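> Note that the sequence shown covers residues 23 to 425 in the numbering used here.
Incorrect hints may appear among the rest.
DSBU-like mimics (lysine-lysine), calculated; alpha carbons at most 30 Å apart, straight line [stated by the list, open to error]:
no.	residue 1	residue 2
1	Lys238	Lys81
2	Lys329	Lys396
3	Lys372	Lys395
4	Lys364	Lys391
5	Lys215	Lys28
6	Lys98	Lys81
Keep in mind the hints are simulated off the structure, nothing from the lab. On a predicted model such as this, the values are computed, not experimentally measured, just so you know.
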Amino acid sequence: MGKVKKILIVHRYFSPDKSSCSEILYNLARFLSSRIDEVDIVTSYPQRYQFKISREKLKLFDGNTNLNIHRLTLIKESYSGLPRIFNAFFMGAVVTLKSIFKKYDIVICTTTPPVVTAFFSAIASKIIGSRFIYYCMDINPEIGILTGILSNPIVVKTMFLLDKWTCSQASPVIVHSESMKQSIIKRFSSKKKLNFTIINSLTIKDFNSENNLSKKLNPSTFKIIYAGNIGRFQGLENVLRAFSLIKSSDVELILLGDGILKSKLLKLSKKLNTNVTFINQIDHQSAKELIREADIGLVPLSENLYKYAYPSKTMTYLEQGVPIIALIEKESDLAKIINSKKCGFVVSLKEHKKLANLIEKLYSDQSWKKSYKKAAINAYNENFSPEIILQKWSDVILNYRCK
């Protein structure tokens, strides 16, 4: 392949939309635009977490980047399938037409349920003879099946067929962990050769933050923070039940973020009389400042989900020198790196008493803190720093050879 001049990146959400994936892709796109002549984006108008911005401000935001951002007006999505399916087909059609017209050298598409947009992106790449990169931030439809969102056997079978073909066209499929790679490989016969590259999430630099943080954490408590989406995949109700077993009122749980289960957790917290502080979602730079004040960063993940996703909040905690408690299976990639780098602790999600005992022990004797904070920063610098992650992306874009 000759010099890469034109790239198309496709994802449902893109900055200034309020989600970690939108900011990760924004940072990646800015990096690529410094090395490639033309970087185009196909995405939607911001609407996640009720985020609102005027068309005038959005036009100004887009105009201040050196990206060509094509925003589509899509139907507002819920957890019912029809709006998502319609939006995926519409985005896919736009990507196909745009690719044929522009003849990109590379098309990059992410995994967004119901995987139709990526399927169309792969078709478009095949039509114009460009290289297709499939960026699997998570793996669908497996996550939908695991969490009960997907149950219709016809829909599930169709999604598997579409996504298997999409993966087979990618050079490469990019995943965040070895477990995610193996989950995709299991879909195929042993004879099928796929191209994979493992690249962890890019730590977010918030270019759009005004950095006006008014909220401060209580300096007198032992603070355990969870920062991220409050949704179906985290099992946060288990965390609240564990905290209800902690006797000391000086141990505080901070839940920073928004999501569909937030109101349910607020009610559960009152019912269990737990010492929990809820903070609404804020910009990433302000969130980092709050995280830095915490003693522990919490990474809970529903059972078996480690096979299909890798929590990006891990890198944010480590960047701020905050040790981790991961509520995850010991065989997961995340548990292995935490144990090998000694930058945190691993407990199974539903072991409420064990988690409560660990937290009380860490609070009562904090001699561990200095060495674990140093280990957290070292783990970040050695494995997850932007220099390392962006170099891997640069190699995939500019120097890639099929294995």
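> Are the hints correct? Go through all of them and say.
Tested hints:
1. Lys238 / Lys81: violated (33 Å)
2. Lys329 / Lys396: holds (29 Å)
3. Lys372 / Lys395: Since the Cα atoms of Lys372 and Lys395 sit roughly 26 Å apart, the hinted pair holds (cutoff 30 Å).
4. Lys364 / Lys391: Status holds; Cα separation ~11 Å.
5. Lys215 / Lys28: OK: Lys215 and Lys28 at ~27 Å, within 30 Å.
6. Lys98 / Lys81: Cα-Cα ~20 Å, so holds.
When the structure is compared with the earlier hints, a violation turns up for hint 1 alone.
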